[in-house]
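Next come the chains, spelled out residue by residue.
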Amino acid sequence: MTTASDPIKSEVIRSALTQVAEEMAAALRRSAYSTNVKTRQDFSCAFFDKNLRPVAQAFTQPVHLGSFVRLIPQAVETYGAGNLAPGDMLVVNDPYSGGSHLNDVTVLGPVHHGDALIGYVASLAHHVDVGGGAPASIGPFREIFQEGIIIPPVKLVRGGEIDDDVFRLILAQIRSKRVTAGDFRAQVAANSTGAKRMSELFDTHGSAEMQAHIDGVIEYTSRRALANIAKLPNGRYEAEGFVDFDGFSDEVVNLQLAITISDDSVLFDMTGCDPQRRAPVNSSYAMTFAACAYTLRALMDADMPVNEGFYRHIQLIAPEGTVVNARHPAPIVGGWETQVRLNDLMFKALSISMPDEVAAGCKAMMAQAGFGVIDPRNGEYHCNYEALAGGYGARSDKDGPDAVQQHGQNTENAPVEEIETHFPMRISRLSLIENSEGPGEYRGGLGLRRDYHFPEVPATFTVLSDRDHAGPHGLFGGEEGRKAYYILNPDGGTSDLRELTSKCVVDVAAGDTVSFQTPGGGGYGPPERRDPENVLKDVLNGKISTLRARDIYKVAVDTDAGAIDEAETRQLRSAQ
Amino acid sequence: MSRRFRIGVDIGGTFTDGTLIDAVTGEVRTSKVLTTPDDPSRGFISAVERLASQDIDRSETDRLVHATTVATNAIIEGKTVPTAFITTHGFRDMLEIARQIRPSLYDLQFEKPEPLVPRRLCFEVSERLAADGSVVEELDEGSVRSVATEIASQGISSVAVCLLHSYRNPDHERRVGEILAEELPGVSVSLSSSVVPEFREYFRASTTVINAGVRPIVGKYLETIESRLSAADLDRDLLVMQSNGGVYPSAAATDSPVFMVESGPAAGSVAAAAIGSALGHRDVISFDMGGTTAKASLIRDGRPSITKDYTVGGTAQSGAGAFGGASGYPVRTPVVDLVEVGAGGGSIGWVDSGGALRVGPHSAGASPGPACYGLGGKEPTITDANLVLGRLDPEFFAGGEIKLDVDAARNAIEKHCASKLGVTVERAALGIIEIATAAMVNALRLVSVQRGHDPRDFVMMGFGGAGPAHAVRIAEEIGVDRVLIPLEPGTASAMGLLSTDIRLESTTTVIERTDSVDASALEEAFLRMEKNGSQQLAGAATAASDNAFERWLEMRYYGQSFELSIPAAEGAIDTNALAQIVSSFHTAHEQAYGFRVDDEPVEIVNLRSTAVGRIQNPKMRELPADEGDAGAAIKRTRQVYFQESEGFVETPVFDRSLIPPDSSFSGPAVIEENDCTTIVPADWEVETDTFGNLLITRAGSTARSQA
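Residue numbers (our numbering), protein chains in the order written: chain A, 1 to 576; chain B, 1 to 707.
Chain A extracted, bound-state conformation (with noise of 0.2 Å):
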């Protein structure tokens, strides 16, 4: 039996590939230092193999990771990769080089084996702060120069040194300097630790070994991707849609995507999506590649891997020149928006032959909250960014979870407790938001308030989100479900009651308070079918009201028997 067709040795040896990019990640984040890497788990980590191949990754950010695909490759063909030597780190986030929003920030090596090149370790993060024109630099803008420090793929480590000169040139860009560094000396750790258990695994089973191996996971990783599409059901399956807001204009940023499945291969085709915009709302090629990737990625068995094997089943146009591929110098930063929307409406496209597979519309958003405060006590400038949950779209058999993260973004809340310990500032709320489902035979899961409240010190807080119009939609007769609103001082406060938009950038006074709700998710199925003891359920749960169960789901509820009053419904469902 030849080595690359060893089914066993092939199944042992992907298993430690993964453990590489899983001790990898728990390294990163175990060091970290900003609330959005430690605890909310923004970042990802992967091994490349010596042709610049995924082959392993750990299980994070399925955005950064798709991303990745594109980028490795790219920094390593533009650096040299003969110029990068042992111990040697290239860090870079420009979205103009195969990267994302400037935020996200890889540092990436080579991986040798004695002398010998066998690979590259890779870490994203996304960082609290990059620079540019407002705190956690996120915000609606022109240019990607004003998104913050822009980094080619650039060395940040020599021989295992960060190298102080270009380090200090970074983190004079950036606001949270402390808490950056921090994190940039997790994904060095990070990366030292993926290479050398990576060149560990090489010695336990020899180099020539080692390459046969991750030859034959790639190779059976493509048989099982093919043998997953031969089971897709063959079409031409096409959506449109719209992200709600771009930051400036009053017009819709329309998208429009059609998926071709055939027996052995599917192509997503954003032809047609609206022309790159001066607005945040641009997505990257790598960006929207990597959209792609999480829909196909989703459709397949559970246990599936993900590398090369994987992603060279994805066949993605999107003409350069519009929003799902921007051309320099569109600005970048909001185009996740846009990137996290093609998910949504390429499971809608999907609903009318794999009905039972989607789910309806989710968030869909980012919902990117940020704020800086300069800390009286000592002068330091603090940055805050978190992402917020939504509702998730209802499923052809089960409701949609409340208040969790959806598509390619599975990033936590950051506690209160730590939060308010960090920053001079309280969260004054974190709920649901009752009737903010998208009613259903199934219903949509609800959306997510949190209230951040500033009583003795002003900041500048930023709203990168979207959903200023429509909620995110049903399907087969469910209904669409409630949208987001970002209101400033909605009990109350220092400066006046006002809606803010989806994408600002807004002084807030000390005393006052900005409540980001984000939105509910869509219904399944007409909602006059939907099981009154699940009505009942969420009615005496107070996730919706007895007057909603009464108008939309057509059940009368007695509240005081905490009973459904079964002639009255009755009358109501046949009325219909």
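Keep in mind the hints are simulated off the structure, nothing from the lab. For every residue, glycine included, the Cβ atom is placed at its ideal position computed from N, Cα and C. Heads up, some of the hints might be wrong.
[Said to hold, decoys possible] What follows is a list of derived Cβ distance ranges for each label pair:
| hint | chain 1 | residue 1 | chain 2 | residue 2 | range |
| --- | --- | --- | --- | --- | --- |
| 1 | A | 143 | B | 126 | 47 to 53 Å |
| 2 | B | 701 | A | 303 | 21 to 27 Å |
| 3 | A | 82 | B | 701 | 50 to 56 Å |
| 4 | B | 576 | A | 169 | 37 to 43 Å |
| 5 | A | 567 | B | 133 | 54 to 60 Å |
| 6 | A | 497 | B | 576 | 55 to 61 Å |
| 7 | A | 167 | B | 132 | 51 to 57 Å |
| 8 | A | 540 | B | 186 | 21 to 27 Å |
| 9 | A | 495 | B | 133 | 40 to 46 Å |
| 10 | A | 320 | B | 309 | 58 to 64 Å |
| 11 | A | 509 | B | 309 | 36 to 42 Å |
| 12 | B | 353 | A | 497 | 53 to 59 Å |
Keeping the supplied structure of chain A fixed, place chain B upon it in accordance with the hints.
Using the frame of chain A, we list chain B on its own:
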């Protein structure tokens, strides 16, 4: 003066194991009865009755130690008592929102775990503290009383209270507790500031709610056990194994049952630590493999490693990544740091759609069982693979009680694996073993390498019904040179119960930088916890021979979120001692993550105090000297397939009970005993010690930790 006998009872899924030790002679007796899930106390008492037979004077029984899954089962099976949750105004949905993440990244059909308390039983009271513990809004007692009225109308028997920042200032929570006691007499109240006073509200709330949800169940259960013991003339101190590997008195267990959710698995690690220490091995990798899972944990300097990053009721497994825990409920109590993988004797081998051979996580369990049991199982398991490879004796399984059907095992492997892979049955069987080995190696790596420890510095102890058959092969993979197979490996866990101290944990959150904290304030905080601990230990005075206190500081670089536990040296904490602790932190950080930043401020997050009531460990009994030769213990030879030789090798089969102490022989060898088989490949040497333990050493190795 303590009495002679100690009894340990470990209730598992299938069997209830009992162990009795005679502290005078060192004699050990074991018993095994079927677990009685409808009322586990019946199985408990019958295991005890079998141990304490006629020749035992019951008045000479010192105490009983118990490991139980009663708390865990209630959580996993959703049978916790209806519980109400009370929190700060604005945060009613804390439990439902949880960590806002999905347990699996690509599954569009996922479900969030049901919140432990339905929303209609989650209530808010008006009050607010700031992060430094200062009062922003006074507690509105009227709001507490009206919540109490609502709770009373719902017939709720247990309440959990978690107010924001109560870890810093428990006053409001305590007052809520007092009011509830007045308004709701007889209702059990768990306050987060008492159960686990640590920051990060959801984790503290989840821990407190779990405590509240199992408290009436555990209380009733322990009461039943105690009354049965009393009826059996065994009215002695009952101690319960905690998740951290220490025991606590049943009264403390009744109060804080959340500390015992990993009671059972912890016993295995404790056994490995105790047996290892008794033999002079202070650094041990514990490998406990049973019918459905294998558990790995690390013992450093004679003590199991402890973690607080733990979830209960989830589907987390090795390789599930960082989100595996999102399918369960976090518990922030100290738990023995173990990784459990779905690879046990009953785990099933199969071929996936990409043509790869896989093992588990499905298990044939005891029913239908492996194909070779002939009880209706059709799918090939690890046990079937071992049988085909000659590693198990079809005539001598479970001491000859079960006859194994080799043809059935071969057929199952042929049909489900070999034919699909286009390989021989033996090759497929070996594949099943090697893939399971890979999963177990990963588990061992997680507890060792990933925590910054080199497995080569450790002795591995293999036990549990299937542990001895796989231990040496796994040791080979991770570079361990010495494997210890203890006496009675199948029931070693129950031994752990009789070899552990009383350990009462308490924590205080401080969140102070070491460059500005007042060392004497830390000393005072420790003294407060220790005073409290002394009082609790006094309540269990008969059990402990002497008391001690351990001090830990949970520290990080200012700005990080994960703490490392740094032990404080003996003596009062002053400026010098603090400097020493900071220096230990830098070193520990470098060991864990590969870097240190000496000029970065260091922050103390929690002070952790452990009150230890030391218990004299039972002595191991030396076997009578025997000049005999190990060769005399060879029952026969048989063909056994070894990976290293890529084929069957004529291998001697030893009867373990006949191997004399202090003897040695070389692999390849098979060593059989009643409930276990140990497999020794070529290039490994076997030695027995004076107690009858097997020490299996890689030929030509120089054991590093012995140096």
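Okay, residue 167 of chain A versus residue 132 of chain B on CB: inside 51 to 57 Å? 34 Å, violated
Assessment of proposed distance window 58 to 64 Å (beta carbons of residue 320 of chain A, residue 309 of chain B): Given about 46 Å between the Cβ atoms, the range is violated.
Residue 186 of chain B and residue 540 of chain A - C-beta distance against the hinted 21 to 27 Å: 25 Å, holds
Assuming the hint says 53 to 59 Å, is it satisfied by the Cβ distance from residue 353 of chain B to residue 497 of chain A or not? 57 Å, holds
Outcome of range test on Cβ distance (residue 567 of chain A, residue 133 of chain B; 54 to 60 Å): The hint (54 to 60 Å, Cβ to Cβ) holds, given that residue 567 of chain A and residue 133 of chain B are roughly 55 Å apart.
Beta-carbon spacing of residue 509 of chain A to residue 309 of chain B - inside the hinted bounds 36 to 42 Å or not: 40 Å, holds
Does the Cβ pair residue 497 of chain A, residue 576 of chain B satisfy 55 to 61 Å? 57 Å, holds
Kindly confirm whether 37 to 43 Å is satisfied by the beta carbon distance between residue 576 of chain B and residue 169 of chain A. 40 Å, holds
Determine whether the Cβ-Cβ distance between residue 495 of chain A and residue 133 of chain B falls within the hinted range of 40 to 46 Å. 30 Å, violated
Taking 47 to 53 Å as the stated bounds, is the beta-carbon spacing between residue 143 of chain A and residue 126 of chain B within them? 48 Å, holds
Using the beta carbons of residue 701 of chain B and residue 303 of chain A, state whether their distance is inside 21 to 27 Å or not. Distance hint for residue 701 of chain B, residue 303 of chain A is violated at roughly 37 Å.
Quick check on a hinted range of 50 to 56 Å for residue 82 of chain A and residue 701 of chain B, using CB atoms only. The hinted range 50 to 56 Å is violated for residue 82 of chain A and residue 701 of chain B, with Cβ atoms some 41 Å apart.
In this structure, the hints that do not hold are numbers 2, 3, 7, 9, 10, in rising order.
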